[in-house]
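Start from chain A and add chains B, C and D according to the hints.
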Amino acid sequence: MIWPLDFILLIIILILSVAAITVRDLLSAAIILGGFSFMMALLWTEMGAVDVAITEASVGAGVSTVFFVAALHHTNRRSKD
Amino acid sequence: MNTVVSIKPLLAVLVSLVGAFFILFTSSKRQNLRESWTFIAAFIKFGIVLSMMPVILHGKVIKLTLLEIAPGLSLMFKVDFLGIIFGLVASGLWIVTSLYSIGYMRGLKEHAQNRYFFAFALCLSATMGIAFAGNLLTFYVFYEMLTISTYPLVTHNEDEEAVKAGRKYLTYTLSAGVLLLFAIAATYLYAGTLEFMPGGFLNGHNIPIGVLQFLLVAFLIGCGVKAGVMPFHAWLPSAMVAPTPVSALLHAVAVVKAGVFGCVRIIAYVFGPVVLKDIHMWLIVAYFVSFTIIVSSLFALASDNLKRRLAFSTISQLSYIILGAALLSKASLTGSILHIPNHAYMKITLFFCAGAIFVKTGKKNISELDGIGWQMPITMGAFTLVSFGMVGIPPLCGFISKWYLCLGTLQAREFFFLFVLLTSAVLNAAYFFPIVYAAFFRQPAGGRPAFNEASLPLVIPLSITAVMAVIFGIFPNFTFHFFDLARNAATTIIAGM
Amino acid sequence: MEFFLGKFNYWVYIAMMMIGFYAMIAKHNLVKKIIGMNIFQTAIILFYVSIGTKKGGTIPILEGAGHHAVAPESINVAHYINPLPHVLMLTAIVVGVSVTGVALALIILIYKRYNTVEEDEILRQLS
Amino acid sequence: MIHQAPILTIATLLLTAFWVPIIGMFKKESAYYIALAAIFIAFAAACGTLYSVLLHGPIHYHMGGWPPPWGIEFVIDYLNAGVLVLIALISFLTTISAKKSVEQEINRDKWPAFWSLYLLLIMSLMGMTETGDMFNMYVYLEVSSLTAYGLIAMGEDGALIASFNYVILGSVGASFYLLGVGYLYIVTGSLNMADLYRLMPGLYHSKVVFTAFAFFMVGIGIKMGLFPLHVWLPDAYTRAPSAISALIAPTMTKVSAYVLFRIILSVFHIQFSTMIIPAAKLLMWIAAVGIIYGSIMAIAQKDIKRMLAYSSISQIGYIVLGLALANRMGLIGGALHIFSHAFAKGCLFMVAMAIVYKTGIRNIDEFKDLNKKMPFTMAAFCVAALSMVGVPPTAGFFSKWYLVLGTISGRHWLMTAVILASSLLNAIYFFRIIEKTYFSSFLGGGGHGHHKTPTVVMTEAPAMMVIPILLMAVGILAVGLFNFQIIHHLLQFIVPGGLA
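In the order they appear, the protein sequences are chains A, B, C and D.
Taking the numbering used here as reference, the numbering of the first sequence is continuous, increasing by one, and the terminal residue is 81.
Taking the numbering used here as reference, the numbering of the second sequence is continuous, increasing by one, and the terminal residue is 497.
Taking the numbering used here as reference, the numbering of the third sequence is continuous, increasing by one, and the terminal residue is 127.
Taking the numbering used here as reference, the numbering of the fourth sequence is continuous, increasing by one, and the terminal residue is 500.
Extracted from the complex, chain A is given alone in its bound form:
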């Protein structure tokens, strides 16, 4: 475990999470959330939890994002807040 890398990843994750809930465009928010999940997967690989990381990358970053995009395709991508 290399703590500076750890540290940087965590900072990025925090920034992404804040970004995901603040951007008004929902599609962007979904993409940012995907990025967030991906960063998380990276962090976990670095922490030694490879199996979790793989699952998160595929399910969290992949499937979830697909779900979001699909849902947004059927609804409205604008958000008032």
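Just so you know, not all the hints are guaranteed correct.
[Claimed, not checked] Computed cross-link-like contacts, DSBU-like style, restricted to lysine-lysine with a CA-CA straight-line distance of at most 35 Å: (1) B:K363 / D:K368; (2) A:K80 / D:K110; (3) D:K302 / C:K112; (4) B:K168 / D:K110; (5) B:K164 / B:K330; (6) B:K364 / D:K368; (7) B:K109 / B:K364; (8) B:K363 / B:K60; (9) B:K109 / D:K372; (10) D:K99 / D:K28; (11) D:K100 / D:K436; (12) D:K436 / C:K112; (13) D:K110 / D:K28; (14) B:K360 / D:K368.
I should point out that these hints are in silico values taken from the structure, not numbers from a laboratory.
Just chains B, C and D, lined up with the frame of chain A:
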């Protein structure tokens, strides 16, 4: 004390419970069938209760323990002197009232008669359960059952007034029930038992005096609400909107008597004379109910509606019973227990008369009754006879119980209560005699009405009860041995055995 | 400083939970709420993964076990990261995605029914 | 065979749940019958489990033969054997009763999906009851939530948003629960309840354990609709399809309440919540406020389902109060209330379902003369209402009796007052309905004494719906009359030794 195990008390409860469902599921068009169910149940019940009497008179106690409903607590029946009196009164009068109900309900072409007879039968089951309950929990189970099964009878008319009266009834009785539940639970935790014992079971449990005082108050309010003790009486006059047979049996016999019976049970079989004197509460209770005796008589004087006047008279007379129990002397206890059947027979006659007048003439108010004695001589004759009894004039049965109550005040050396009893007798006279006077000696506006008596199913019951009231005055031990039972009950309570 | 850095994962996980929680409560947009929920759940997974790690521990895979048997005595448990929380998290991730899926399906239905995904507007239509 | 019974309950439902949509593709009507058969088998298996527990004592069933603490363990002791049969019985009766209502309220195309989710919901509730593993519990908790979200969303207008709110809160609850499990795992390294119970006393003063406890309380509190975490509940119960309200109201919150019992009693020790931290005291106050709040809100409602939902919030308070009293009588009272309330509330929601099915009426003010239209249904309603008020000899009375005994023996006089006052409040809103139904034929019509009965034609719900309702009513009386047997054989074992 020797006990006999018998299934009879359970049967007495179940007969009308089963009967109730027969009644409910009989098609409402087949009136005769339905009412024969009522009669069959009533007679069987009375027979069962009567068959238990010889055993009880021999000084034995019938006991039946059913399933355990809580750790250390069973659904238990125990028939003793006090219980059998109440059981006899209620089951005996049920037969009479059933006959009367049929006359009344058919006479007025009432609706929902199935429900009416169903609830009636349920009430009787509950009353039997109360009479034969062997411990406080069993008592409470049937006490609440009575509360609920009376509710449809009170609201029977299904109009605004009846619904309001029902609401009031439930508010009072359910609140009281809750208080009673609390008191029973607390008693159980402190004493570890709930089984009724003559002379009280709370003795010797080292319970703090403050707790005992608090429990007594909770118990007496819990039961006193049903007994109509002031200031918790307001539901009773309102509940008079119910059909008259209901007012008669339930508000002169079963429900209010259940309350009074509960008070006597609590004073004599839970606390007992010794504890009650130790906690200095007996006089307070006595003064409290004396207030009710006097004030409700005054209310009765002021009301023009006949059933309402009778209701206030009931309130006043019921408090006699509690007063007698609270005085804790042998004579007063005898008088008080004896007053349960005596008052029942007298008051039911009065209500029957009021109902007969209503069915025949539609009149509800005393001011309309001028000259009615000539129209309905049998009814008003019975009324007159019994009102003498209510005042306490011999040879009617009211005299005996009042005599013992007065003796009791002397035995207890509390002369104030003698004064209360005598004042109340005067007040009784003051509110009953004007009715009699108006009925027979005042000319109505349209001249003296012709003879036009109510139908037989109405007249026969009220004649029977009036005659019984006389017989019990002359032969207090007639058939049912009420006097012996009451005296034995008082003896066992005082002796604490 | 050592205390802060050593537990940095935990601080971040709490911060992320708060961010997610804030979104779930304060945002009116239903999709935003779901995004918040996702962040919230991921935070918990982060927490679990952090439980398992230890200084100097390595990935819990026995190297070379495929070719020739490794004597059990030769394995030093202290060298490996505790794998159990990880395994649990596989389930948790899948569960989280299913919840997201259900929620998004609901959102689609809501949009079809009310033509909006803003909570206040839906409530206005309902009342 | 009998020692496979615990797993049979779950396996049957799980496997059938997968087959129902596939078979349903070809024949939509068959879905219901397959589901019913599966639930019946599960019910029989649950009975077998109970029988075995009564005969031979608690069962420890190891999944795949892995012994705990490594493998997942099903532990069925006296309490959860009872709860298991309760869940199975009530869901079986509800399923029989629900057929017509579902056919009326749910689009035909959705039937297979509906019954599949329905089976999964029951499966997960049974799993929650049986499991002896904290993480396994989480999985079942989430499965039950997920299926419930889906089922609730199939309801009337507004159900979608109700379901969505439940999604948000439910996942917060589940996540909190998961966090609690994580914290416990940090300090103990175990997920097995029995193991945790053994390890716990040494760790009482660890801050981590406190935190875990708090997370559990919040997590389970949300699931069981404990005040003030109940906000999802009224809407969800009101908007869900009637059949689903009738299924989840008696089972889901009760199972969550059972989980709370499990966690406080057999993961943490009861002494932990009374002596180490003042959790019991806090819970007691929360429960008391919840009892009163729920009752008062119920009085204010006009919609029968919403009223029943608020009443559930109040009744959950009773169960938690019993637990928080942490004495013998209180615990027994709380546990018995799980049973008595499950029957009563199940019966009430089934009655609501029958009324909605037959008349479409939901507003209490329109209940006039309903007793003549549906006499049997309303009779069952009365029995259940009396149980809710706590009139003997119904089940509700006895649980109230033990709770009152518990409050008195713990000298919590205010709590006694709360229980008693709440039973009066219950009386207000139930007798209001009874009054409206039975005794208002002539309201506003004037007239005194004698009048003609208005002729109302009897249109009772179909027998398939009414018979289960009546059986529930009988169940209420049976739980009441045989409460001592239930306590003697099942519930008394939850009281830890040395507790007054």
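Evaluation of the provided hints:
| no. | hint | in the structure |
| --- | --- | --- |
| 1 | B:K363 / D:K368 | holds, 31 Å |
| 2 | A:K80 / D:K110 | holds, 34 Å |
| 3 | D:K302 / C:K112 | holds, 29 Å |
| 4 | B:K168 / D:K110 | violated, 50 Å |
| 5 | B:K164 / B:K330 | violated, 42 Å |
| 6 | B:K364 / D:K368 | holds, 30 Å |
| 7 | B:K109 / B:K364 | holds, 18 Å |
| 8 | B:K363 / B:K60 | violated, 49 Å |
| 9 | B:K109 / D:K372 | holds, 19 Å |
| 10 | D:K99 / D:K28 | holds, 13 Å |
| 11 | D:K100 / D:K436 | holds, 27 Å |
| 12 | D:K436 / C:K112 | violated, 39 Å |
| 13 | D:K110 / D:K28 | holds, 9 Å |
| 14 | B:K360 / D:K368 | holds, 32 Å |
Comparing the model with each earlier hint shows violations of hints 4, 5, 8, 12; every other hint is respected.
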